[in-house]
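Engineer: Take a look at the letters that make up each chain.
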Amino acid sequence: MKVMVEEDKCCGAGTCVLIAPEVFDQRDEDGIVVLLEEAPAADQHDAVREAVSVCPAAAISLIEP
Amino acid sequence: MTETQIPSFPFTSKEALEPPAEWAELRSKCPVAHVRLASGDPASLVTRYDDVKAILSDPRFGRGTGKKGAARVADTDDGGIMGGEMATVLPQEGEAHLSWRRLVGKWFTAKRMGALRPGMTAMADQLIDAMVADGGPADLKASFGFPLPVWVICDMLGVPDSDRDKFSHWSDCMLSMTRYTQEEMATAMAEFNVYMAHHVALKRAAPGEDLLSELIVATDDGGEPLSDAVLVATGVALLVAGHETTANMITKMIAMLLADRTRWERLLADPKLVRSTVEEALRFDANAGVGMTRYIDADIELAGVAVPSGTTVMCSMAAANRDEAAFADADELVLTRSPNPHLAFGAGAHSCLGQALARTELQVALETLLRRLPTLELAVGVDELERVEGLAVGGLSKLPVQW
Amino acid sequence: MSTPGSVLIVGASAGGLTTAEALRRKGYGGRLTLLGGERHLPYDRPPLSKQVLSGAWDAGRAQLRPEPALRALDADLVLGDRATGLDVANRTVRTESGRALGADAIVIATGVHARTLLVEAESVEAQPAEPPSGQDRLAGVHVIRTLDDSVALRAELATARRLVVVGDGVLGAEVAATGRGLGLDVTLAGPQSVPMESQFGPWAGGLLGDLHTERGVRLRLGTGVSGLAGEAGRVVGVVLETGEQLPADVVVVAIGGIPATEWLAGSGLAVDNGIVCDAMCRAAEGIYAVGDVARWRHLGLDTLLRLENRTNATEQAVAVASNILGADQAYVPVPYFWTDQYDVKVMVHGLIPADAEIEVVEGDPAARRFVALCRSGGVARGVLGWNMPKQTRVHRQQVADALALAAQMVS
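Chains as they are written, first to last, in the numbering used here: chain A, 1334 to 1398; chain B, 408 to 810; chain C, 133 to 543.
Each hint should be verified, as a subset may be incorrect.
Said to hold, decoys possible - Restricting the straight-line Cα-Cα distance to at most 20 angstroms, the calculated cross-link-like pairs of lysine to aspartate or glutamate (EDC-like) are: (1) C:K182 to A:D1363; (2) C:K522 to A:D1341; (3) A:K1335 to B:D635; (4) C:K158 to A:D1376; (5) C:K182 to A:E1340; (6) C:K522 to A:E1355.
Stated by the list, open to error - The following label-pair restraints were derived from C-beta to C-beta distances: (7) B:A625 to C:L205: 25 to 31 angstroms; (8) A:L1369 to B:P614: 30 to 36 angstroms; (9) C:R500 to B:K421: 56 to 62 angstroms; (10) A:L1369 to C:P485: 34 to 40 angstroms; (11) C:E346 to B:G447: 40 to 46 angstroms; (12) B:T516 to C:L205: 35 to 41 angstroms; (13) A:D1341 to C:E417: 42 to 48 angstroms; (14) C:T291 to B:S634: 46 to 52 angstroms; (15) B:S446 to A:L1369: 36 to 42 angstroms; (16) C:R350 to A:E1340: 31 to 37 angstroms; (17) A:E1340 to C:G162: 34 to 40 angstroms; (18) A:E1340 to C:Y474: 18 to 24 angstroms.
As the list claims (entries may be wrong) - A few chain B residues that face chain A, going by a derived Cβ cut-off under 7 angstroms, partial list only: (19) V601; (20) A604; (21) A608; (22) R611; (23) A612.
No wet-lab data here; the hints were simulated from the structure.
In this text, a Cβ means the ideal position worked out from N, Cα and C, and glycines have one as well.
Make the full structure from the sequences, and use the hints.
Structural biologist: Following this line, the structure appears as structure tokens:
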């Protein structure tokens, strides 16, 4: 699994951080997403998939083989 | 020499399909000429066939992008498509470049191109159907020359037909330096990257018969598979290198043939001339774009002139293709010319990777138009044809035709 | 309840698409159909008043998922065909083109239509004597709900000089800000005393009003609109109830949404300012509602609630997907929305009562960077963050805890 974020789409809601805090964080100054783990461990996959789906700005995508 | 005496390059000619007078003059009198590029940077312009070929084939010299002292073609030539992200992902020089080139190049075989022909012909027919349905006069560039290459690239990437318009739009945004803002170019690039990343993942899961599927399972010289980043960048490279160039060449070729309609009639009478006509159109093209630069990092001699290390040489392939020393009747369009060792695709290690594809597309485009629209003619006078403003790729802004 | 063999989702925007994705993510392998009234692939609406309207984004950038990701979803995507009727007993949806789509479970995510001025005038029984003020009849009057709306408005703004925005809610305020960004002369008119008062409360709404004034927007608040002035079929101004006429080249009407439930008339579903649902977002056996159109019982707030915001669409979609697959769980979200205006991002978690006590818990309002906790009756009801997104999220927990506690007491 590979995670991609598009900063110019991110709205800073932090939904992804609430769901998968080990994979996503936000910048202190403007709340834009920070990708902590580009290739998350298997136990994170479900949470990451949910984060992708509920991101209110459709700023995260997931590449799964 | 003072700055005002240094001519600006590229030169422009009065008529859209005619070469600028400076080419012949420099070939005979000043084979290594000091010029100033659009960026303001100085360069040495080379116009003779032998010199252009020698420089382009010399493995010592590369583009020198980003090297201190290397001239930039335009002042925007810093973070654009040509020198930007793609250049950093795709290896540009040395062994890594050769390895990537071999891998992608393997796909562009004559046999492979032959297999693509029926599909290409069907696309050309489909575009002509739509153009005819809309009624003439039509702009052959917008209706035919521009979409055909992007459709072909989509096919090679295994992209479904329904997404062709998107690719067309992205390609247009990424390449056009003038019509779109930086922001629009950036969002097109971002959208394209996300699309391609997903597309590559789908292809990994369910490979097809396309180039991309083949590259996914292939390995480079070191036995390593290509990374997703390189695969996505290869898609960008195909669009950048293969869309606007081919689209313009199709348009210019048809313009040249219709400008003197006896040429068109001769082809109608003898369609076997299509192959040699395509080569001759490539050679004869007076709007081939600015040319190729090479950064010279050794002291060399060219046409008896010393070229010191640190010089940027601008190779004008289009000027070289009109060199009387290399081609008899160089200023005549000879549909039967053979052999035709023109330099339209460059020469050496960086010569156009997709030339077999471009040739096939040009042949299919011409064959199909001859078959479908034998009465095709210009809808305006030759003197009314206008060039596209822009540096990277030369072309006509429109080609109004009727049939 | 057994897992349905087929699911039909009516509405292909954020709520509908997310429902489909959540079903697949949770392992649903049955047949999935997504029916959309617009011809576009699923796209996102928040950028329509901002990046798409300003031209910063090409319309394609608002697309929610790239085509390959949509293909991977393995759903039948039926676009450009609107639902026109629902047979609850047979779980069948009829469409404009004559399709009859049946499924074991149906999810309704049809969203809202933009409210127009004529409707507004009728609803408040304040029809101006003359001339008729219906916006449909005048060129230059726009709403923004769809991608086509936004693109059409963008084209008109390119040549306009004076923009009047009717409506002082989120959308109106965002359009005013975008209009200023495009260099237009902008007036914002609406009935509240400060912009976004009902969402922000009077205090933060006041800060927002100050921001707009500083950036050159003319505010005409605390007054209704009595009509539009037109000449030769084109709008030339907005007439306020005070009698003042605001000259305009383009007018944007942003006075809220009407749930898109007209096609459910006679279906037997309870419709009252949205589709009335239970706490599980179920409107009838096997029929669910998601997003702007759903009015469900929020157990934490102990009320029927309909939220028109982006995050609710997706969160409710995930909850409904779970319930379709048998989870049988109440949907008790912490309401959340954000707005971008100029270089300011304001976010609200929870709801802010009009009489809330405000405590600034981070930053400084004078520095235009702060987080405020809003309490009423001693309970944390909402958190409002102004240009401090990350810190705002951290304080959200207090609101979440209060809601969870209340929900436990109800159930």
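Engineer: Out of the numbered hints, which ones does the structure contradict?
Structural biologist: none
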